[in-house]
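Visitor: Residues per chain are reported as follows:
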Amino acid sequence: MSEFDILHQRAKCFYDSFERKAELQHQTHYCPGCGHGIAHKLIAQAIDELGIQDRTILVSPVGCSVFAYYYFDVGNVQVAHGRAPAVATAMKRALPHGVVLSYQGDGDLAAIGTAEILHAANRGEPITVFFLNNAIYGMTGGQMAPTTPLGEKTTTTPFGRNPWTEGYPLHVSEVLSSLEAPVYIERVALGNNKMIQQAAKAVRKAIANQVQGLGFSLVEILSPCPTIWKMEPADAQKWVREELTKVYPLGVFRDKTKEAQPRPAPVPAPSLDELPKIFSAKEGRPPALAPAAPCRRTVDLRVKVAGFGGQGVLMLGQVLAEAGLDAGLEVSWLPSYGPEMRSGTSHCHVRLSNHEIDSPLVSRPNVLMAMNEPSLRKFLPAVEPGGWIFYNGTSLPEGAMRTDVTFIVQPFIALADRIGDTRAGNMVMLGAMLEATGLLESEWVASALARLSKSERWLDLNRRAIEFGREVIHREVSI
Amino acid sequence: MPKQLIKGNEAVVRGAILAGCRAFYAYPITPASEISEAAAYYMPQAGGAFLQAESETAAVNMLYGAASAGVRCMTSSSGPGISLMQEGISYLAGSELPCVIADIMRGGPGLGNIAPEQGDYMQVVKGGGHGCYHTLVLAPDSVQEMCDLTTLAFELADQYRNPVFVLADSFIGQMMEPVEFPERAILPPPPSWAVRATAETRKNLITSIYLDPDALERHVRKLAAKYERAEAEVVRFEQVETGDADLVLVGYGIAARILKAVVRLARAEGLRVGLMRPITLYPFPKEQIGDLARTASAFLAVELSTGKMVEDVRLAVNGRKPVEFYGRAGGSVPSAEEVLGVIRNIAERYSLVRGQSPEVAHV
Ligand SMILES: Cc1ncc(C[n+]2csc(CCOP(=O)(O)OP(=O)(O)O)c2C)c(N)n1
Ligand code: SF4
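Chains as they are written, first to last, in my numbering: chain B, 1 to 479; chain F, 1001 to 1363.
Honestly, the hints are just simulated from the structure, not real lab data.
Heads up, some of the hints might be wrong.
As the list claims (entries may be wrong) - Under 10 Å between C-beta atoms, here's a sample of chain F residues computed to sit facing chain B:
no.	residue
1	S1055
2	G1127
3	K1203
4	R1257
Every residue, glycine too, gets a C-beta built ideally from N, C-alpha and C.
The following block holds chain F by itself, in its conformation from the complex:
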């Protein structure tokens, strides 16, 4: 199939439907509304359910219903809406219900603005709702990945019976890039635990309440074991020129795209700079970053925030090497040249070696 030039937000919906999503419930919010709009157009044609919910609170509980019925389901929103969904996400995790949530981040706190930011990191990656649970979080940095990681999100959601986030920002959502969609659509059979209004599923129960402390502890430990399994099985990341890197940049989403340009510019100046891009934010590639801490002299986390993911980088580096941070917020995006300036300064402070690097040749 030829590649198609398409917006990130639409790629999410196409990827979802091809992956068997047949229920979409959401409340409009810029910059995620195009996902709803595309779902409103395609979902009925695919024989699925689309409904504009009365609020994000209702939308996330509609996911609870669709997931209980064993249907692959998703919603999309942005910061303020995700905040409203947190109670429901905790219930979904507690009741072990799979679903996919696309968060197209915008500026915050409060109403903030509709420009790109990465300020939802904590509420998404650390689990903004109550109780001991995690959501798995995938962070696309291209339109192709908006499709591919949405597909993966449905697989992981079913595999771990847990909500999975696709965490992007308004740049990744709005931009157009060529995408190759899967040629074949899939529709997995409903899981055996679902409540499907049939004799066979009559015995099934979906609940998150465990009154007895021992019973709840058993349940929470079961969830914890599941997350431990995910940490061993699911970690994904991309490395660019980290092999000989003195300075390792760490960033995800649109920040990582900028950092890819930064690596090229820095290498052209003879600075040995590489990029570690976490694709899964939970589970975080902490071991891989820990490994890099053995060879690199320093790290620089770059985010569209005042510094959130950098905390995970620091935990992974565990004090072995300095971890610097550079961020812009409020919708301002650092240019590659701006970050390069920060790197020059770091190179000076840590006396990083300058040398002509062979990679420069092809640029």
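This is chain B alone, in the form it adopts within the complex:
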């Protein structure tokens, strides 16, 4: 094959006429001597050779190559500036049999899209990236790129690129080669026919890697932009060959093609009939029991549980809500999300009712379960007259008194020591509350506990704590 065949034979996976283009459908929109045109041909030829036209998806960027889909007769997706590797990631994961190519300029990949390319490479996404480095922003009319050589004048570096203010040319291939995952990274140039032949090999290899199921491959292509550089095409090519390659040395930076392993196939999906089962398996929790005998009493329980983080406030509320559900009641549980979180206190709102629950927020509780003094002081005024207050303490603190509510004051947490673990203090308090209010039958509470306890040991402890709490009410007299 002569060098000129590479440049002048139309690849099969190019459209015969560019009908997606509004005018001049026989020629490309690229300027004469532009590297994009050459790179397109190399990619198209590789697609032909590998026989993957139907399987190929080309993800095109924002930049002069935004219209790559005018030419490539493959699946085409045009995306936002810099984001092609993110789009390609998801396409490849959705369609593992596809051959997903990301084609990006140096503004697109090396400036606005640095995060996306770095992370796609670092995850070893099995995609192929073509990185056209022409050291300038072509499409927008010649602004500096992160790849612009030092001293070069551009429209946004009118005095030449100054390292003190614009930093240094970014060496993408070198940066990405410092990562573990990439399989293949090579920098080539479109500086003369010989270089183009080498580029053709690299392009083919980068795509072939993906066809074999190997990981991330990237080819950086130093590419002429005669228009913005204000050079004749031949001079532009010479500049690539003689100047740009000095800043960006050519070569293979990474090649693990031989030892790389294909990404393991994901677990096969369950059938649609089986699918809902994945939800019941979580943490081995048994599914909710159907209410044995629905609760017949009129219930409108509005509970506020409050205390320090770690006292089991949220868990207490959850057991109550789960038990209410088993009793056939409407229930809601809402954890606090407020400034209190910072100071290490927490509270939750629990409602149990025969009727549909309007607001899950409890602003007027008829039961307050306060595990510490600040909680008692904070929520005491809101308790509805006739309500119950369970307070974890030996006596009511000064000034925290009301005569229109019932107080149950016990050192619930300290009492839990008697059954072996103060961490079950919340359940002792719950037991006392259930007994005092006569609210829920033991069986409902037991099944809720079974679902919510972390382990058998905890289940046993929690059960005993609730029973103990029920007894406490009768044994010791409250204020």
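Based on the hints, put chain F with the ligands in the right spot on chain B.
Guide: Same frame as chain B, but now just chain F with the ligands:
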């Protein structure tokens, strides 16, 4: 199937998977992270893709990729992350790609806090990205709706080839309520326009660029016609005791739940108060609110913000009746009693009739 007590954020994921979602891409942020965490657990078991993206910008572009491949896909985030996604959402709408975005709102602006707020209304409902597009927006007020409206969101996204938001707040996301999930899972076939790396789909092109002004105008008008269709077909709302209401409360999400309690309290005082809860925020139930403006004397919009949805209420009422506003922000949530105080004041100012209302009996 018995009801299960479950958190709103987890209900979203279960609903999504049962509705055929097989790709989930997101970046962690409180109070939405539990959605990612649940997706990380369930999605691989369902044979779908889960990936914690490097940013919300990447996540939304991953949706662009998954949607281009014809896969039902979703992400979740909260205020700051949604702000970052806006460019991508504009591209998704421009390229007519379906996807579902759950926004579990937190306090803002800036870093704000992680408490519930409804401050994302404008950026979500009005379309925070560039160009002439809309997103459809569903606002659940219960955990059951977190599941049901997520399912609906996937249907609408496909039907209109457009991003659809599930807009909730950290209360709806964190709270637990009993939920009944659909018994059957569905998995619709990929749409014919998708790019699927096959011979049949090779001709397909996903793009949002139309260089020629006439071509872009045609495209934008096509989108506009689609939104007009959605306005005629998709509007959803719930009304509570609005039939004889003098004062109509308007609120969505957790605010609406509080307002349901307020209606009960106000009725108990003999005030004829009702609630209009928009379930779709775009399209907004403007006709229905317009109808209410004929019978009601005044409106009161209540939000966890300094007043955003109220603008849509005012547009719908169109000056026919006064529209008052009451809001709390920063993570403070109005209590039912607090709103009742506002209502008493309004009742006085507008001389609303007090009378014993029969509804009181069952409370
Ligand atoms: C978010 C965003 N910012 C800026 C632009 C404008 N823009 C379009 S192309 C481009 C740079 C293109 O340069 P490069 O990636 O090097 O491609 P080239 O045109 O040189 O091939 C810029 C800044 C945009 N489209 N989107
Ligand atoms: S401006 Fe440069 S990069 Fe763009 S088409 Fe012309 S030569 Fe190619």
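Visitor: None of the hints should be skipped; say for each whether it holds.
Guide: Outcome of the hint check:
1. S1055: Cβ of F:S1055 sits 6 Å from chain B, so the hint holds.
2. G1127: 16 Å, violated
3. K1203: This interface hint holds because 8 Å falls under the 10 Å limit.
4. R1257: Interface hint status for F:R1257: holds (5 Å vs cutoff 10 Å).
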